[in-house]
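First to last, the protein sequences are chains A and B.
Note that the numbering used here numbers the first sequence so that position 48 is 66, with each residue one more than the last.
Note that the numbering used here numbers the second sequence so that position 248 is 230, with each residue one more than the last.
Hints are computed from structural coordinates only; laboratory data are not their basis.
There's no promise every hint is true.
[Stated by the list, open to error] Below 20 angstroms or equal to it, Euclidean Cα-Cα: the simulated DMTMM-like pairs (lysine to aspartate or glutamate) are: (1) Lys108(A) <-> Asp80(B); (2) Lys319(A) <-> Asp275(A); (3) Lys154(A) <-> Glu165(A); (4) Lys154(A) <-> Asp130(A); (5) Lys108(A) <-> Glu74(B).
[Unchecked claim] Cβ-Cβ distance ranges computed for the label pairs, FRET-style: (6) Gln174(A) <-> Ser209(B): 26 to 32 angstroms; (7) Gly83(B) <-> Val55(A): 32 to 38 angstroms; (8) Phe31(A) <-> Ala158(B): 57 to 63 angstroms.
[Unchecked claim] Computed footprint of chain A on chain B; a stretch qualifies when at least three of its residues, placed anywhere within it, have a C-beta under 8 angstroms from a C-beta of chain A: (9) -16 to -5; (10) 59 to 70; (11) 73 to 84.
Treat the numbers as computed from the prediction; the structure is a model and nothing was measured.
Backbone N, C-alpha and C fix where the C-beta goes; we use that ideal spot for every residue, glycine too.
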Amino acid sequence: MPQILVENLVKTFRIAERQPGIGGAIKGLVSRRYRTVKALDGISFSLEAGELVGYIGPNGAGKSTTVKALSGILVPDSGKCVVLGHVPWKDRQAYVAQIGVVFGQRTQLWWDLPVVESFDLLRAIYRVPQPQYAAKRDELIALLNLEPLLDVPVRQLSLGQRMRCDLAAALIHSPSLLFLDEPTIGLDAVSKLAVRDFVRRLNRDDGVTVILTTHDMDDIEALCSRLIVIGGGHILSDGTLDDLRNRVARQRWLILDLAQAGVVVEDPDITVIAQDGSRVTLAFDPAMVPPAALISRITAKYEVQDLFVQNPPIETIIARLYGEAQ
Amino acid sequence: MSGYAAVFSARFRMLLQYRAAALAGFGTQLFWGLIRVMIFEAFFASSSHAQPMRLDETITYIWLGQALFALLPFRTDPDVSQMIRTGSVAYELVRPVDLYGFWYARAVADRVAPTVLRAIPMMIVAWLFLGLRPPASWECGVAWGIATVGAVLMSGAITALMTISLLWTMAGDGIARLMPTIVLFFSGMLVPLVFLPASFQPIVDALPFRDIIDVPFRIYMGHLPPSQWPALLAQEGIWLAVLIGLGRWFLSRSMRRLVVQGG
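Please put together the full structure from these sequences, using the hints given.
Written out as structure tokens, the structure reads:
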């Protein structure tokens, strides 16, 4: 029995449509037109314990809706969903005691209280026995380097500090399943690395199943063994990151800083994606032309100051996948 | 300590920090109390009819009201309103607690903490200088204590209901304007309820608001005889059950249709 089983999940929202201008506003008072939006249109997947899955898609694809349904906050219209042996929205109280949730754009800490008091409160709410709590708290404090933050009221924390505290708060009760909804949003590089490091360790050492939604390509590359891509309420792809790359486009990007601006780079194996002054972005297929050969050919022909090769951003891949789906 | 007690205690401790607010509240209550006393003194001096309450009783009633003003369910829980507006309420829903109990505990803390801060100094000052009388008898004192606990529970139930209504309306402005008027009038805070016209009496007697101000105060003064206490207690119990039941029902209904917007 998988840890999470989702079958044919459907959720629609009814949105009042408003016409622009004063006229529209007055009209809206009398008769209102509604538009239904299918946020989830038959989502199915299953997850085994110990997986670390990236759940990604463009804005409005249904990521957060899925997370909310899985964490028992939202009641879907139809479909089946069993997580840790519970239907999340049916026996909410028993179920949520076993999961941890972090919504990156919100905080679960008490705004006016010092961080450590929020932890104490959560201990009481989750009824964690005192010795177990003390051990877990100290472990989290050490791992996330929270010692200097403990007595600071939450409102005085920076975003990165707050996110580290929020992660700790979500784990006080040692959940076996963790939902992370955009945990690195708005964080600086150092904080992002700290969060990623922590999530990886949590999954590897403690066997916590993690579902991560994000827009950050690096999060996915650094963490996820499996990637579920959703768009328009459907699952577009489910597999490893390499699977996804190979399925959509085996493309790689070569980015050049030329010595002179405005030089046109030409080669039979490349397509120019963008040119901005002296910076040129080229796309090529590594199966058709070995990257080393291509680079030596181009550097021989043009005067290149700097270059690097990268995978196309996840947004590009998803956008393409999304385009294919339509 | 259960989660409910913990959230009560956290909220209580936080509210106790607001010394400036308590001091300002004390000053305001004192000022209004003096004005209300003067109004009633003028009223009694110019009236030749027999009134349902004596002047000294009315003055005691007024100072009790000024002391326990913060018990009134004036506003929604500011933290929960904020959570509902920003969507952080999502976190409240992933806690393994009964959400109504959780919000009720917060509402009660929200009433008790400011009341404790203001009531004790106000009662001492009013008792020493302003004509507040002690309870009519020790029995009345004990019964008043019990009735005040009832008032806290009632106020908490009304606050919780107001807070839950935010899940529908999002903005609490309407409730925040409407409730003070209703509560001030029907609780007896504005004018002791016995002074209202006879035609009003059945209405104010039937409503739950009088259990917050009028009933406990009149028990204190010995204005309501012990023979009526059981009936009053029963009515209060019924109202509490109704309001809590209603709050629970509304909350569970709104949970089913709740949409936490935004990513």
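**Study point:** Hints violated by the structure (listed by number, smallest first)
**Key:** Hints 4, 6 and 8 are the ones this structure does not satisfy, whereas the remaining hints hold.
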